[in-house]
Amino acid sequence: MKKKILVIDDDFNIRDYIVSLFDDNGYDTYVAGDVKEGIEVAKAEKPDLITLDIEMPGEWGPRFFSQLSQDPELKNIPVIVITALSGHEHAIVKAVASLSKPFDRKELLKIVQETIH
Amino acid sequence: MFKNILFATAATGASDHAARVAFNIAENCNSHVTIFHVLGVPSRGFSQVVVDVKTREKVEVDGEYTAWVKEEIRTYYEKYLDKGLDCTIDVAVGVPAREILRRARAIKPDLVLIGGSTGSDEEVFYKKYAAGSTLQKVARSAPCPVLAVNRPAASFWGGVSNIVFGTDFSKTADRTFDFALKVARTMECELHVFHAVDINPVPGGTLLLSQDEIELKIREALKEIRKRYWPGLKTLKACSMDVCEGIPYFEIVKYARDKHADLIIMAHHSKKMVEENARFGGNVEQVIVRAGCPVLSMNK
Chain A
1 MKKKILVIDD
11 DFNIRDYIVS
21 LFDDNGYDTY
31 VAGDVKEGIE
41 VAKAEKPDLI
51 TLDIEMPGEW
61 GPRFFSQLSQ
71 DPELKNIPVI
81 VITALSGHEH
91 AIVKAVASLS
101 KPFDRKELLK
111 IVQETIH
Chain B
1001 MFKNILFATA
1011 ATGASDHAAR
1021 VAFNIAENCN
1031 SHVTIFHVLG
1041 VPSRGFSQVV
1051 VDVKTREKVE
1061 VDGEYTAWVK
1071 EEIRTYYEKY
1081 LDKGLDCTID
1091 VAVGVPAREI
1101 LRRARAIKPD
1111 LVLIGGSTGS
1121 DEEVFYKKYA
1131 AGSTLQKVAR
1141 SAPCPVLAVN
1151 RPAASFWGGV
1161 SNIVFGTDFS
1171 KTADRTFDFA
1181 LKVARTMECE
1191 LHVFHAVDIN
1201 PVPGGTLLLS
1211 QDEIELKIRE
1221 ALKEIRKRYW
1231 PGLKTLKACS
1241 MDVCEGIPYF
1251 EIVKYARDKH
1261 ADLIIMAHHS
1271 KKMVEENARF
1281 GGNVEQVIVR
1291 AGCPVLSMNK
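Chains A and B supply the protein sequences, listed in that same order.
The numbering used here numbers the first residue of the first sequence as 1 and each following residue consecutively.
The numbering used here numbers the first residue of the second sequence as 1001 and each following residue consecutively.
Calculated directly from the structure, the hints in this document are not laboratory data.
There may be inaccurate statements among the hints.
Pairs of lysine-lysine residues, derived as DSSO-like cross-links and limited to a Cα-Cα distance of at most 27 Å, are as follows [what the hints assert, rightly or not]:
id, chain 1, residue 1, chain 2, residue 2
1, B, K1217, B, K1254
2, B, K1171, B, K1137
3, A, K36, B, K1259
4, A, K75, B, K1254
5, B, K1217, A, K94
Derived list of chain A stretches under chain B, where covered just means 3 residues or more per stretch with a C-beta under 8 Å from a C-beta of chain B [claimed, not checked]:
id, stretch
6, 42–48
7, 61–75
Nothing here was measured: the structure is a model prediction, and the numbers come from that model.
Backbone N, C-alpha and C define an ideal beta-carbon position, used for all residues, glycine too.
Build out the structure end to end from the sequences listed, making use of the hints.
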């Protein structure tokens, strides 16, 4: 059974790029453009992993993580932060990894494989 | 609330995270922001030649130079200012802490916002463990609340919805609680009141408290929190009260992380800086240095 990944990013181009990367490597992908939609999709699909942008319209990435970790059904889903903001490495202390845009495709895939296989 | 913000900045990378928070608050609260930059310290007396705080070079301050610096600052913060925020750019010559306090007294902001240390590379070691001297001096003496954003990690929340108020049951803490309550009410936030029972051993000594004694102190502290703060807390939609034992500043930072706090509010007592302790400061300064969210302190 294919592993599910939820990609949360307000930038359509980045979202598209990450989704095609995961699709090409045998994952099922779901997308959301903001925190509210991200929580809705996470609840509906129960993904195996989430990639999360930090700066988004309305609520920011740490708020998504805060809501995620307070939901008993979602709190153990690993999160990878992908952002262009500098100094983001400690933005979400309990994220499994934090990558800067532009990121290395191989590095992202390696982290995903190590985390959910 | 927060209609008039004084944002003290070096307009370098060291102030980027504070800028993110300052402009985010301004956007959410429709505030006026005074972006304030201290050009440098006069090389001697009332000389027009100052040592630039950014480049450490000597420069002669005149109208042309001042206009150029303001334009540089405007360009540096272009992405925020282009959103149409209500801003004034202001510069001064002198010792940064003194000038920030002087400007705060003059324009009477309801919030001073300041970033981390801009010290020289030799001071990098201390930046990890101690608040910058300007921040310390401003937090101790400002006539209004001071919001400090020391770590980049403290700047990624985008707004306020979850406040931790750290108390030591002092009079200043009680006044600060009233302010925290006002912020929580106005911004419709959750407010978590927290006290850490200090189990720091005396220097070179061992822990003197038994577990029974620690737990008795925890119970007393919870009783004290309820007595002092419950009448205010119960007017909020969501709140909590907690006590635990440990080294206070670590416990506050941990508690804020567990609560996903996007703002910590604490009282600041020390008016005077004890020189030998200046590098490491008190509990508030250590919380400022270590917190994963902005820290608001009040000194009166």
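Consistency of the hints with the structure:
1. Between the alpha carbons of K1217 (chain B) and K1254 (chain B) the distance comes to roughly 20 Å, so the proposed pair stays at or under 27 Å and holds.
2. For the suggested pair K1171 (chain B) and K1137 (chain B), the alpha carbons sit about 21 Å apart, so the restraint of at most 27 Å is met.
3. With a C-alpha separation of about 20 Å, the suggested pair K36 (chain A) and K1259 (chain B) falls inside the 27 Å cut-off, and the hint holds.
4. A C-alpha spacing of about 18 Å is found between K75 (chain A) and K1254 (chain B), which places the hinted pair at or below 27 Å, so the restraint holds.
5. Among the hinted pairs, K1217 (chain B) with K94 (chain A) is inconsistent with the structure: their alpha-carbon atoms are about 31 Å apart, more than 27 Å.
6. Coverage of the stretch 42–48 of chain A by chain B is violated [criterion: at least 3 residues with CB-CB distance below 8 Å; count 0].
7. Coverage of the stretch 61–75 of chain A by chain B holds [criterion: at least 3 residues with CB-CB distance below 8 Å; count 7].
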